[in-house]
Amino acid sequence: NRSGRSELSQSEQQRLAQLADEAKRMRERIQALESILDAEHPNWRDR
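Counting with this note's numbering, you get residues 1 to 47 for the letters of the sequence shown.
Honestly, the hints are just simulated from the structure, not real lab data.
Among the hints, erroneous ones may be present.
Label-pair restraints from in silico Cβ distances [claimed, not checked]:
#, residue 1, residue 2, range
1, R27, S6, 23 to 33 Å
2, Q18, E40, 27 to 37 Å
3, L8, I30, 19 to 29 Å
These numbers were taken from a predicted model, which means no experiment stands behind them.
Idealized CB from N, CA, C, for every residue including glycine.
With the hints as constraints, model all of the structure from the sequences given.
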């Protein structure tokens, strides 16, 4: 990894934190949508 260097640059660290935050928000949105589907269409997971 880049001639033995293992640490991330400042911009890489910022991008990683940004992506992690986006992933967390997406996970929360998916959980909310699944809760709605579970309530309104209990068998949706069987499809």
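**Message:** Which constraints among the numbered hints does this structure fail? Numbers only, ascending.
**Reply:** Violated hints: none; all satisfied.
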